[in-house]
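Colleague: Residue numbers (the numbering used here), protein chains in the order written: chain G, 1 to 738; chain E, 1 to 153.
Hints are computed from structural coordinates only; laboratory data are not their basis.
These figures come from a predicted structure and were not determined experimentally.
Backbone N, C-alpha and C fix where the C-beta goes; we use that ideal spot for every residue, glycine too.
Treat each hint with caution, since some may be false.
Computed far set for chain G versus chain E, every beta-carbon distance over 10 Å [what the hints assert, rightly or not]: (1) 122; (2) 204; (3) 213; (4) 229; (5) 295; (6) 337; (7) 507; (8) 662; (9) 680; (10) 716.
Straight-line C-alpha distance at most 30 Å; calculated DSBU-like pairs for lysine-lysine [said to hold, decoys possible]: (11) E/5 - G/204; (12) G/204 - E/147; (13) E/7 - G/612.
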Amino acid sequence: MEDIIKTNYNRRSFLKVSAAAGGGLMLGFNWLAGCVPAAKEKTSVAIPDEWYDINAFLKIGNNGVVTIFSPNPEIGQNVKTAMPMIVAEELDVDWSQVVVEQAPLDAAKYRRQVAGGSQSIRQGWQSLRMAGATARRMLMEAAAQKWQVPVEELTTQAGSVIHETSGRQAGYGELADLAATLEVPAEVALKDPKDFSIIGHSTKNVDGPKIVRGEPLYGLDYYEEGMLTAMIIHPPAFGIRPGKVDDSAARNMPGIKDIFVINSKPASAPDQWQKTFAFPEMVAIVGDSTWQVMQAKRAVRVEWERVSPGISTSDYRNDLTALLEVEPAKPARLDGNPEQAFARAAKVVESSYSAPYLAHNTLEPMNFFARVTPDKAELIGPVQTPERLWKTTAEVLDMPLEKVSVQMTRQGGGFGRRLYGHFGVEAAVIAQRTGKPIKLIYSREDDMTYGTYRPAYKVKYRAALDANNRLIGFHVRGAGTHGSPVFANRFPAGAVDNYLAENHNLDSNISTGAWRAPRSNFIAGAEQAFLDEVAEAAGQDPVAFRLTLFERAINNPVGSDNDYDAQRYAGVIRLVAEKAGWGKETPGVYRGFAAYYCHNSYVAEIVDVVMKNAQPQVQKVWCAIDCGIVVNPDAARNQVEGGIVDGIGHAMFSAMTFIEGEPLQKNFDTYRMIRMKEAPREIEVFFVDNGIDPTGLGEPALPPVQGALANALYRATGRRYYHQPFMMPNSELGMALS
Amino acid sequence: MSVFKLKVNNEIKEVNVAPDTPVLWVLRDHLQLYGAKYGCGIGQCGACTVLVDGVGTRSCMLPVSAAEGRDITTIEGLAEGDKLHPVQEAWLEHDVSQCGYCQSGQIMTAVGLLSKNPQPTDEEIEAAMNGHICRCGTYVRIRKAVKTASQKL
Numbered sequence: 001m002e003d004i005i006k007t008n009y010n011r012r013s014f015l016k017v018s019a020a021a022g023g024g025l026m027l028g029f030n031w032l033a034g035c036v037p038a039a040k041e042k043t044s045v046a047i048p049d050e051w052y053d054i055n056a057f058l059k060i061g062n063n064g065v066v067t068i069f070s071p072n073p074e075i076g077q078n079v080k081t082a083m084p085m086i087v088a089e090e091l092d093v094d095w096s097q098v099v100v101e102q103a104p105l106d107a108a109k110y111r112r113q114v115a116g117g118s119q120s121i122r123q124g125w126q127s128l129r130m131a132g133a134t135a136r137r138m139l140m141e142a143a144a145q146k147w148q149v150p151v152e153e154l155t156t157q158a159g160s161v162i163h164e165t166s167g168r169q170a171g172y173g174e175l176a177d178l179a180a181t182l183e184v185p186a187e188v189a190l191k192d193p194k195d196f197s198i199i200g201h202s203t204k205n206v207d208g209p210k211i212v213r214g215e216p217l218y219g220l221d222y223y224e225e226g227m228l229t230a231m232i233i234h235p236p237a238f239g240i241r242p243g244k245v246d247d248s249a250a251r252n253m254p255g256i257k258d259i260f261v262i263n264s265k266p267a268s269a270p271d272q273w274q275k276t277f278a279f280p281e282m283v284a285i286v287g288d289s290t291w292q293v294m295q296a297k298r299a300v301r302v303e304w305e306r307v308s309p310g311i312s313t314s315d316y317r318n319d320l321t322a323l324l325e326v327e328p329a330k331p332a333r334l335d336g337n338p339e340q341a342f343a344r345a346a347k348v349v350e351s352s353y354s355a356p357y358l359a360h361n362t363l364e365p366m367n368f369f370a371r372v373t374p375d376k377a378e379l380i381g382p383v384q385t386p387e388r389l390w391k392t393t394a395e396v397l398d399m400p401l402e403k404v405s406v407q408m409t410r411q412g413g414g415f416g417r418r419l420y421g422h423f424g425v426e427a428a429v430i431a432q433r434t435g436k437p438i439k440l441i442y443s444r445e446d447d448m449t450y451g452t453y454r455p456a457y458k459v460k461y462r463a464a465l466d467a468n469n470r471l472i473g474f475h476v477r478g479a480g481t482h483g484s485p486v487f488a489n490r491f492p493a494g495a496v497d498n499y500l501a502e503n504h505n506l507d508s509n510i511s512t513g514a515w516r517a518p519r520s521n522f523i524a525g526a527e528q529a530f531l532d533e534v535a536e537a538a539g540q541d542p543v544a545f546r547l548t549l550f551e552r553a554i555n556n557p558v559g560s561d562n563d564y565d566a567q568r569y570a571g572v573i574r575l576v577a578e579k580a581g582w583g584k585e586t587p588g589v590y591r592g593f594a595a596y597y598c599h600n601s602y603v604a605e606i607v608d609v610v611m612k613n614a615q616p617q618v619q620k621v622w623c624a625i626d627c628g629i630v631v632n633p634d635a636a637r638n639q640v641e642g643g644i645v646d647g648i649g650h651a652m653f654s655a656m657t658f659i660e661g662e663p664l665q666k667n668f669d670t671y672r673m674i675r676m677k678e679a680p681r682e683i684e685v686f687f688v689d690n691g692i693d694p695t696g697l698g699e700p701a702l703p704p705v706q707g708a709l710a711n712a713l714y715r716a717t718g719r720r721y722y723h724q725p726f727m728m729p730n731s732e733l734g735m736a737l738s
Numbered sequence: 001m002s003v004f005k006l007k008v009n010n011e012i013k014e015v016n017v018a019p020d021t022p023v024l025w026v027l028r029d030h031l032q033l034y035g036a037k038y039g040c041g042i043g044q045c046g047a048c049t050v051l052v053d054g055v056g057t058r059s060c061m062l063p064v065s066a067a068e069g070r071d072i073t074t075i076e077g078l079a080e081g082d083k084l085h086p087v088q089e090a091w092l093e094h095d096v097s098q099c100g101y102c103q104s105g106q107i108m109t110a111v112g113l114l115s116k117n118p119q120p121t122d123e124e125i126e127a128a129m130n131g132h133i134c135r136c137g138t139y140v141r142i143r144k145a146v147k148t149a150s151q152k153l
């Protein structure tokens, strides 16, 4: 059976060009050709003499080589391999004949060129399949015209159109010139997933060979003749701005071209950016080389002016704790009568959990290249939201949109940090002022102390058990700096008759932003650690306890707006329990379990901890994940492994803390990141094979592992871990309790 | 500013820079060799690792004045033409990279380790690689790749 799907592009999305154009459309943005010495570019396929643009996602060379453009930013989530795989699948071409290129930002051609919310594959799924399928159809129609046969009699196989009855066959390369002139079909057949030959088959990272050769792929590696280096001095604390700047010593240092104060904040900053332009005003230093600019930076004297309070960790720790004692004006969700349930409970379990601010710490610090002339502004670099950067830059530079372009490099990590492209705007402002192309580089310290942090969170849970140890009431009250972490309609909502979820917000001038799996990255761990306590109080096995709740949510759900599918949720729990042999005790191995749903995917994890020299060591993590069809299984496993290591690392070790608005952690000597010795010895990942369209993968594996870890640590050490980072004893929100 | 002669990937290069300029920035800004990455500037993350006389060294902490007369190998100098170093091959075999930014430093430390100790134990691999941060968390694969490379050597 084939799914017939209507073409849902507007016509503009298929920029068809005549054969004569021969790929001219693409010439403008292959900047890497100017960046990588030609001799180093080794392609395993012959370069065609002529390219034919079939649609926005692909062009075909006269020798059959296919270039597929990966539309979305590549931050390490491997969409640059996975998205083209989807196109190639429906195009029906041999992967060895595919060359992948990063598409430039083009809001008219592509939808949602964003890396965020684990959405690239989910949202791109249909349009990528359509791009491949319509191109295949156009190639078949070209063959039908050439051979004067009905298109229905044609089939394709690995880059060729075949007419079986006459025995004729033509490679895509021979048909591409004619295909490029044809109308885009209004309707097209998509493959049955059971016929997939590329999707579902592990395919190596298309940039892997370049990465292991150290080729210049990243924004920080971008270079062109005549380019200058720029760095910034942003306020060292939140709540202050630059006043008087004394650059007399720095100005005369070797290689220094200019020093000035910039203001890069757009008047109409999008809401999401409002908070994250934490430091609109900063000092810019422009010079010949990075080291020279770093030296000059240290010689600039800035007098800082306070504009808002300097907040310390003890302040928000006290404020969040106090907020959790306050009943909010109205609940986020209320089912039944929790008050009565708690009044008649045989047992009440109550606990609070907290987690500190976290920095993203992409290993490649923020940077961007910009060249601004009166005629145009060209930006090149790593950003997760290129379209927003494009629009903001046009506004700040006061240039029409068509004169501004943004191109994406490979990105040395994202984790949400590069959703906030203020650094790209800053680069543009500095380039405009300088009149020369510049590459803006943040030092690690600039990067770590700029903000857009994962907020600090605290949450209080209460659970009511009746005399038969059934969960009859559940109450969660959450608070965070810029929003509560609580998702009111997620589990256990829907599984408990009497349920109350409440949210508090604590305002702060410490800027926050999306950090891998926003809110879930804290609340999953807290909730799953709490449920472990409740199961224990009820005298039940933690897995069995949850499955009982899911039975309720499946058979007779409470409320109608529950976010999750209880069947799929229970499915991953059963799968991981079976694979890990849950219930089987191994001496010296301490197990913790957790499950969570976010980014439309279901994850259940089991963490095995052993004690080594009186220190806990994660030996193995088992993960079952239901994220629908898995495009690239081994790369998907890599994402899950990474999410697990990321979750364990931050829960165990990492924290940002403040004194009077100043971040105390400025580099990796004080901000502790997980390293190899602390990483799990082994991670085993099981995907649920259900044929459902793909859902999120980059984020969902992270949140629950913090809960599974806390639960395993409890069994290993006999104490509950309420406050992250767990290995900072007696701390709350990253600060020691006095 | 002074002129320094550096031996990088078996070629002698001359640069005119301040004596305290770290080798990392000489490579990147003056020799257009971008394989060594900037991650922290204080020797904490390992992204800038190169081999100096065969030993994995943080190029962000090594002033150019101390590097003269020494044998510097960057990741660009590992492969011989099309023939990748076994460590690079092992990295591809395990498809280690996510963002990939830290990997050239990781690879250089692994090369340095295996050149001195071709059959390291798990503990020795961890001890050698623990100076690196992989923000994407590919440690499980890095461990396997070092093992695989050690079997190939």
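Colleague: Does each hint hold? Answer for all of them.
Modeller: Verification of the hints:
1. 122: About 19 Å separates residue 122 of chain G from the closest Cβ of chain E, which puts it past 10 Å; holds.
2. 204: 5 Å, violated
3. 213: 6 Å, violated
4. 229: Residue 229 of chain G is in fact no farther than 10 Å from some Cβ atom of chain E, at 7 Å.
5. 295: 8 Å, violated
6. 337: 44 Å, holds
7. 507: Correct as stated: the minimum Cβ-Cβ distance to chain E is 30 Å, above 10 Å.
8. 662: 19 Å, holds
9. 680: 7 Å, violated
10. 716: 21 Å, holds
11. E/5 - G/204: 40 Å, violated
12. G/204 - E/147: 20 Å, holds
13. E/7 - G/612: 44 Å, violated
Comparing the model with each earlier hint shows violations of hints 2, 3, 4, 5, 9, 11 and 13; every other hint is respected.
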